Structure formats: structure tokens, C-alpha cells
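All chains should be built: construct the whole structure from the sequences, respecting the hints.
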Amino acid sequence: MILSFTLRVTLAAVFIFLLAPVIVVIITSFNGGPIFTFPPTHFTTRWFALIKPSFIDATYVSLIVASGTAVLSVVFGVPAALGLSRGQFFGRDALGAIFLSPLMIPALVTGVALYQATFVLWDMAHLQIGGTIPGLIIAHLTFGIPFVVRTVLAGDARFEHAIEEAALNLGATPLQSFWRVTAPILRPSIISGAIFAFVMSLDDVPIALFMGGGHATTLPVRIFTTVEFDFGGDVMAVASAIVGVSVVAMMLLDRLIGLGELFGAKQ
Amino acid sequence: MSFSIAGTKPLARDVAHGNSWQLLLLPTAILLGVIFVIPIGDLIQLSFHTMSGPGQVDSRLTVGNYQTFITDTFLLEILLRTCAMGLLVVVCCLIVGFPVAYYLARTESRWRGMALFLVISPLLVSAIVRNIGWYPLLSESGLVNSLLLKLGVVGSPLQLINNFTGVVVGLVHALLPFMILTLTTVIQRIERDLEEAAANLGAGPLRVFCHVLLPLSLPGVVSGSLLVFTMAISAYTTPAILGGNRVLVMATYIGQQFRTVLDYPAGATAAALLLVFAVLLTALASRVRTRGTDLA
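These protein sequences, in sequence, are chains A and Y. Counting from 86, one number per residue, gives the positions in the first sequence under my numbering. Counting from -18, one number per residue, gives the positions in the second sequence under my numbering.
For the record, the hints were derived by calculation from the structure and aren't laboratory data. All values reported here derive from a predicted model rather than from experimental measurement. The beta carbon of each residue, even a glycine, is placed where N, CA and C say it ideally should be. Hints are not guaranteed to be accurate.
[Stated by the list, open to error] A short, non-exhaustive set of chain Y residues, derived as facing chain A with CB atoms under 7 Å:
1) Leu75
2) Val77
3) Tyr217
4) Leu261
5) Ser267
6) Thr271
[Stated by the list, open to error] Here are the computed distance ranges between Cβ atoms for each label pair:
7) Ile248/A with Thr271/Y: 26 to 32 Å
8) Ala97/A with Gly22/Y: 46 to 52 Å
9) Ala264/Y with Phe128/A: 40 to 46 Å
10) Leu341/A with Gly22/Y: 37 to 43 Å
Now the structure itself:
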């Protein structure tokens, strides 16, 4: 059929479009000629040898910040989600909306707002938050906590509360019932919320650009500022390495949890 | 939570459903209040001041910044360029995304899972990496230009990056998955019989699309468009990188005011406007979504 042929060609074109920039990053990182010229002229691995130590340092910063964000998002997000889903009080919906609102507001706006707040804090208490790793983690909690709240709220909505009551009626203390019943059932939601917080923290530019700097520069921000002034093959090599690591991480996640599960929890 | 009542049966019910749960909210509410609500409030407050020197803020209150935004042609142009960019990205995503969404909604092929994975795969790769990948494709000696030159379509290389075109290409690429997923959900809910009935009654594929498929998928088209528009005007990384610091839209203007011009009140005004737009559009999108499901 003509229609199905047209549809097939369109699909192929769209998939090529979607994959093109990522594949090009990998190919270009081995391009011995001018890096903006495509197709490449000859093969080289020298760009990988030219990766500056500052990119390695930035990778460590990114990993520390993302881990801190994921852990603290769970610590603050899980109780908040349980409070929201089980508490009965005036203004619960409004409070829930506020808890999720950071996901609605452009990250850039959050970034500049926090940037201004660091000045205020410095003026008031001579406290230096901007340009520090704790500062970056605090900044990333603004979206990390809402991610965990959202996934745990969704998980708790599907949860049969009678099981908890059964545990309590059988003589479990509330704490035992939480650790033995509630926590294991909510674990998939908590894990996917934590993974989202981790990944979003690794990916973020606008917030880390304004809150970071100096020794607290994350990898995406380092790439961003390098691209602005000195875009060379070493940046392509870094980007290519990121793609490689992401693919491996995705395969591992798919094995361990299942990507479908992860995305199901996001919706 | 009070643990003193543990074990007593009548009260166990109260622990599961009762009022002590909301105490769990307190630490997080305080934290988000301090690290999010207060800074955003402070930023909005800042937009009612003016600059008294680079990085300095005058203490008097004024609505002048907002007045300037609707009278100054330079700022109006930024506002219009932002809307034009958002609309163009939406239209491109709709045109490119609809066929893919239709396929995903209707196919029973064993390749469906693979196709779905390909659609979301750009979301799984770092935004900054995707942006960088456009350079070897769209630069003067890049793939697109060398193909166009070889085929004789153009005589000299086109400027496709570090300008408005580059930004739109990058945003369509980044936001297309969201459009496709939204449309797929809606098309799946349309009865396949309706299309077949129309076709049996003699309607060609184009008429089936215009008179059956499109009207019935309208809630999805509208909510997908609102989502993509909001994300397009909110994005900072893509316009900054693919615009090569030359494309001024709301986001890049805000970045510039805070990073180089150091006119914080002007940047705060634009940021407050962007925030209001984003919140209004998101609220509108969720209205459309709930009405859409009511109809279905």
C-alpha cells in the first residue's frame, strides 16, 4: 500500500533525526580532521588523550552532587509524600501543589532565584553557599524532592492500606509496620524517584550554572562554558564518553529494574 | 507520629488513617519554603526594583520594569521572537510527530517496543551532549550543507547553526518525544472501527484524517502543543548553545542579564514573566487533559 510505504519512509526519517546528533557525537570524537566537518576525514583517538583534567574533576563533582541529591530527596521526599497522601487537614491539595510546583517552573528561573538568594544570605550572615558542593545539592533538591514526592504519591495511591492495619492489629508497632510493610511495598516508587532525581541532577545546566562555579562546577556546566569559548575535539571526546557510559547505565537499569517500569512510574 | 499508642488496637486505626501523618510534612515544607518559595518570592520582589549600577539594586519600589517590557521595542521583539520560536517548534513537532504517534498507536508489529524505545532514546542522553551533536551536522562544512552542495540544491553553504534555525532544530529534537507520547495516548483511545467505517463509506486517507482522526485527537493535539510550547519557551541550554549567544529569546535574555550585563532587576522581570507564562500554560494544559478524558 502506498500509504504504508509513505508512513514507513516518514518513520525511518524521524528515527534518523532522533538518533543523528548522538551518533554524530560518537563518530566525530574519532575525527582526525576539523571537528565540525562531517563526514570525518581520518580516524584518530587523540581527542581522548587531550581531555583536560578539569573535565575529570567536574565528573567527580557531578557524581557527588547527584548522589547527595538522590539520597536527600528520598530523606525529605518520602515522609512528605506519606504526609500528603495520608494526612487529613485543611489546605492539603494546595500544599501538594506547592510541593510539586518546582517541576512546573522553568529551571532557569529557579537557578537565577537561588543565585540571588546566595547574595542575600551573604549580605545577611556572610554565609557562602554559591560555588560550593552543598550549595549545589541544596539547589538540586528543589527538583529532586518533588520527583520523589510525585513517584511515592503515585505508589501510595495504589497501595492497599488494609495490609498496614493488619500488621498493626497483629501487634506490630507503627515503626515495625513501616519498615516491614510500607517501605517494601513503596520501594519501587522510591527507587524510581531517586533515580530520576539522580539523572536530572547529572543533566542539569541552568541551576548548576548559577549556583556552581570554581571547584563546584559540574560536568554539563563545564561543557557548556567550554563550548561558549573554546569548542574543540576534546569536548566531543567527553560527550562521546558520556554517551558510552549512559548506554551501559541504561542497559544495567533495564536488567535490574526495567526501563518500562521506570517510565511507567514517571507518568 | 506518636509511638506511645503502639499496640493498642482501637488506636491502631487512628495511626493508619489519623491526623499524625501530617507532622511528617513539616521538615520538608520548611526546607522547600526556605530553598524554593522564599528565593522565588525574593526574585519577584527584585523585579519591582531598578538597577543603580552593575550588580547593584535601588531600594525604591516601581512597576517600571514591566512597563518597559511592553513599550520597549527591543524587549517586545524578544517576547515576540520567543512566541514565534515556541509556535514554530510546536508546528514542526505536530507535523513530524503525528505519523509516528499514529504508527505507535495502531501497529501490532513486534517492532513497536523498539520504535517506542527509539522515540524516548533522546531523553535518555544528556541534553548538553545532544546539543553538541548538531554542530558537525549543521555547521558550514557539516553533513547537511555538504549534502545540499553535492546535490546542487544550494550554491553556497547555508547558515543553519548559531542562529534561530539552529535553536528550532535543537528544540524540535528535544521535545518531539513528548509530543509523540501525548499524541499516541490519545490516538489509542480512538476506535479503529471509526476509521474503517469512514474508509468503507468511500473516504480517502486524507478525508479520514481530516474528518475523523484529527477532530477526535484534538484534545491530545492541544495538550501536547501546550506542553511543548511551555517547554520550548522555558528551555535555556538549547537556545544558548545552538543560538551561539546570538539568539535572544526570554531564556537567553535572562541568562545574559544575570551573567554578563548584571542588571539583576531586568533579568528578574523577564524571569517573573516567564514563570507566570509557564504556570498559566501548565494549568491550561491540565484543564484540557481532564476535559479530554471526560469526553473520551
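Each hint tested on the structure:
no.: 1; hint: Leu75; in the structure: 13 Å, violated
no.: 2; hint: Val77; in the structure: 6 Å, holds
no.: 3; hint: Tyr217; in the structure: 4 Å, holds
no.: 4; hint: Leu261; in the structure: 10 Å, violated
no.: 5; hint: Ser267; in the structure: 10 Å, violated
no.: 6; hint: Thr271; in the structure: 14 Å, violated
no.: 7; hint: Ile248/A with Thr271/Y: 26 to 32 Å; in the structure: 31 Å, holds
no.: 8; hint: Ala97/A with Gly22/Y: 46 to 52 Å; in the structure: 50 Å, holds
no.: 9; hint: Ala264/Y with Phe128/A: 40 to 46 Å; in the structure: 53 Å, violated
no.: 10; hint: Leu341/A with Gly22/Y: 37 to 43 Å; in the structure: 41 Å, holds
Of the hints listed earlier, those the structure fails to meet are numbers 1, 4, 5, 6, 9, in rising order.
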